[in-house]
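The hints should help you fit chain A onto chain L, whose structure is shown.
2 protein chains.
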Amino acid sequence: MAQTRITPRSQDYAQWYQDVIAEAQLAEAAGVVKGCMVIRPHGFAIWEKMQADLDRRFKETGHQNACFPLLIPMSFIEKEAEHVEGFAPELAVVTHAGGKELEESYAIRPTSETIVGHFFSKWIDSWRDLPLLINQWANVMRWELRTRLFLRTGEFFWQEGHTAHATHEEALEEVARMLDVYRDFSHEVMALPVIRGIKTANERFAGALETRCIESYMQDGKALQSGTSHDLGQNFGKAFNVTFQNAEGEREFVWQTSWGMSTRQIGALIMGHSDDGGLVLPPRLAPIHVVIVPIYRSEDEKGAVLETTAKVAGELRDDGLTVEVDDREGIKPGAKYYEWERKGVPLRLELGPRDLEQRSVMAKRRLADTDERGRPVKETLPLADIGVSVGRIMDELQAALFERALALREENTVEVDSWGDFTDLFEGGASRFVYAHWDGTTETELAIKQATKATIRCIPYPGEGPAPEPGACIKTGAPSAQKVLFAKNY
Amino acid sequence: MAQTRITPRSQDYAQWYQDVIAEAQLAEAAGVVKGCMVIRPHGFAIWEKMQADLDRRFKETGHQNACFPLLIPMSFIEKEAEHVEGFAPELAVVTHAGGKELEESYAIRPTSETIVGHFFSKWIDSWRDLPLLINQWANVMRWELRTRLFLRTGEFFWQEGHTAHATHEEALEEVARMLDVYRDFSHEVMALPVIRGIKTANERFAGALETRCIESYMQDGKALQSGTSHDLGQNFGKAFNVTFQNAEGEREFVWQTSWGMSTRQIGALIMGHSDDGGLVLPPRLAPIHVVIVPIYRSEDEKGAVLETTAKVAGELRDDGLTVEVDDREGIKPGAKYYEWERKGVPLRLELGPRDLEQRSVMAKRRLADTDERGRPVKETLPLADIGVSVGRIMDELQAALFERALALREENTVEVDSWGDFTDLFEGGASRFVYAHWDGTTETELAIKQATKATIRCIPYPGEGPAPEPGACIKTGAPSAQKVLFAKNY
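Taken in order, these protein sequences are the chains called L and A. Going by the numbering used here, the first residue of the first sequence is number 1, and it counts up by one from there. Going by the numbering used here, the first residue of the second sequence is number 1, and it counts up by one from there.
Same shape as in the complex, but just chain L (with noise of 0.2 Å):
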């Protein structure tokens, strides 16, 4: 397969973007089926690395997995009013099946609270059965006109959490749960910061009382929704009629939460951490963790040469670390190194002759210190305990990708308090996080958007931003509670 540059970010980010999925062969454009895409191995492994480490998550908060059907009668979406206002314009339609025109037509799910809500009616009789918790991984489709691998396509994957429980407030308690799930799956798999957060009525979910989300940081400085976990009330229930009876013998509708994370992820993951040279990837993400690049040029040293390399694999592989051994005929190392590194395996290690006299290994880390000329650094590692070594480089890596986004955040973020040096901050095609003063009324809310492209991300929680005070809104001067994060967003 040829190889093509990668696009600088400082050149054209957008065009980075793809090519860095492109090169490590993440995903591609399904262009037969407009605004779809195909997840390709490299990608759908790291996909299923999120799906299995979310879904230990959801099982030890008590979740069990279910599956809803596709599709949902269109009467359903019409039956919450702001549900069918905010999905009505992007459902793909099924008119015909078996041959014929359907009586009722089908939207393909832009996501199930409806057909949940229905079904949960059903399942519900008593306080006994409640909570509900139950999780589906499904596929969603959203009809989008302008499309984006992985942030924004028609068809993509999801997880949607739905619950249903006797109080308003144990709901609540389910929605911070599961934000918090979300948050710490962040920081500790995707070693991506995020700010936890209230969205504002405008950003919040179509029938939602009220939305939490995480925020992370891009690269560019813009802003990308990474989960939400929203307080359906009683909205879903009144329309589904979802009862129960109370332990006191009356009957209530149900409170609802629903949260989902999605394959936009694996977009953040790209704009969070990669670099020119490629896919960067944190260890507990990465499909392949190490690569062994056995180096030779005679037929004797060869042999010597792949029996180490295959005993130094064997002992990762015990401890729990997937290895491949690119042991390709007619291809130069160099040329592999470059492969690996665009593919984001986090670790690399050189194998020949001289390494296997001195009983050490040249090792090179995707994410590499450099010397004072500039170049990565190559580490020395010592054959006989080459498990533990590289153990340590995993937690290594994981934690300083994390300690490097979130320095990157820090440098970007910023207070103010004047309209002036806000718009200024937003000026042409620049984001940062930006903290500032809100009236709390959609119409300012809407003003800033236009005048600056910037949006409200969240209302932070207590900690997550500035230590909340009052003060005046930075475009009407009215009063305001408390500082909101603002930012350009995907």
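Worth flagging that the hints you see were computed from the coordinates, not collected in a lab. Some clues are possibly wrong.
Same chains, same names: a pair is fine if it fits in one copy or spans any two.
[Unchecked claim] Simulated crosslink set (BS3-like; lysine-lysine; CA at most 25 Å straight-line):
| id | residue 1 | residue 2 |
| --- | --- | --- |
| 1 | Lys49 | Lys59 |
| 2 | Lys122 | Lys364 |
| 3 | Lys59 | Lys311 |
| 4 | Lys302 | Lys378 |
| 5 | Lys336 | Lys59 |
| 6 | Lys59 | Lys343 |
| 7 | Lys336 | Lys122 |
| 8 | Lys343 | Lys122 |
| 9 | Lys311 | Lys238 |
| 10 | Lys449 | Lys378 |
Just so we're clear, the structure is a prediction, and the values are computed from it rather than from any experiment.
Here is chain A on its own, set in the frame of chain L:
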């Protein structure tokens, strides 16, 4: 939740099947979405276990997962002549999206050979790119008139393997290899014996040169096709121009295979193993391996019993078993037993004050031996090495289920040589596994089907059926090379 009675198999087999599913809360008909189903948590947990085991086997044989679009342009399905004929009548069609009528309609994938062919043509260029070994876990849709939970539903879940090879020989090896993966999975995990064989032209996958299958025996004498592996030849390669440059520099069409196993297997599991008491599960697919029911009267007893219960549960969980402690208040032990038996939990442990004194626990297998009065036998297991005993019982249950299913199939497998005997065997609703000679023509096959409702399930692999020897067709008397497997089927 109100308990209802499970209809005995002898009274109404079809109703028994539905009752088992309802009582074990495996799934239910969507109702509002014609022919589709909701898979409830207990059913989905079984599917997750199937997926995990199959996925491991696919990866061990060198396959990688990927994900292709849900929607397929109608023109793609029309590109392979036999394929469109086979699938067009069952398609669900998206004609509108994003508020507009589409220029070209899309089908929701009934299977993905066409769209995979399209992408293979982009990804494959040289012999170095081969073999390409891909698997996809996906939902597919086939609009069926008569549906039945798990066995035949509008939307269902499956995996579809898609591979491309440089030679027909390599493709045939893959077809055989993956059929053997399915056979091993059925035997080792599902505990269901299968017959491997080749489908007749009439039963072949639309667009394949040859379809291989495994056929399972259900308790009512019918067969259930449990997995298929197709030699696609160059049919899709030619339709989608999937070519490669061979080592001699010439362009050739690739040779493709596809193979699939679906949520139908949950139906096979039910009809292969379950009884009038509800679901019976092989331990390797049981979402819950052991339920412990603590028994006590006083608060004093309660404390001691629950303490030991927790200890036993912890010990079993450390051994990798999933354990449910049913300490619900206000429900009698008998009612709990009844509920967990219907859900197919392989082993129940009862733990009361007397057991504590004797440092033991009463154990009841879901598939228990019976005493001379027909009552299920309980066993006393010492607490001291409870992990060892329970581990042994799990192994015994897994093996016993396979042996029981195999014995039942053998008892109901016959060879016949006269048309009169043949028709007698399929009289009324009856079915068995019947080996008989067939003249090899579709005409005769269809005539036999019309007369008896029995179909040719497969031309068995050597060694799977009677020793291949020539004879005369049961219907026409024309020459036949070997006996083939007849049965009514799901």
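For this session: Pop the pair Lys302 and Lys378 into one bin, within, between, both or neither, using alpha-carbon distances up to 25 Å.
Result: within (23 Å within a copy, 63 Å between copies)
Problem set entry | Intra- versus inter-subunit Cα pairing at 25 Å for Lys49 with Lys59 | both (16 Å within a copy, 14 Å between copies)
Problem set entry | Up to 25 Å CA-CA - Lys122 versus Lys336, copy category | The answer is between: 23 Å across copies meets 25 Å, while 57 Å in one copy does not.
Exercise. For the identical chains here, do Lys59 and Lys343 meet the 25 Å Cα criterion within one copy, between copies, both, or neither?
Worked result: Cα proximity of Lys59 and Lys343: across copies only (20 Å, versus 31 Å in one copy).
For this session: Can you give me the call for Lys311 and Lys238, within, between, both or neither, at a CA distance of at most 25 Å?
Result: neither (63 Å within a copy, 44 Å between copies)
Problem set entry | Intra/inter-copy verdict for Lys449 and Lys378 if alpha-carbon distance must be at most 25 Å | neither (47 Å within a copy, 71 Å between copies)
Exercise. Within a copy, between copies, both or neither: where do Lys59 and Lys311 come within 25 Å Cα-Cα?
Worked result: The answer is between: 22 Å across copies meets 25 Å, while 37 Å in one copy does not.
Exercise. How do Lys343 and Lys122 come out at 25 Å by Cα distance, when the copy is not named: within, between, both, or neither?
Worked result: Between. Shortest inter-copy distance 20 Å satisfies the 25 Å Cα cut-off; intra-copy 48 Å does not.
Exercise. Within a copy, between copies, both or neither: where do Lys122 and Lys364 come within 25 Å Cα-Cα?
Worked result: neither (58 Å within a copy, 33 Å between copies)
Exercise. Between Lys336 and Lys59, at a C-alpha cutoff of 25 Å, which is it: within one copy, between copies, both, or neither?
Worked result: The answer is between: 23 Å across copies meets 25 Å, while 40 Å in one copy does not.
Going down the numbered hints, you'll see the structure goes against 2, 9 and 10, while the others check out.
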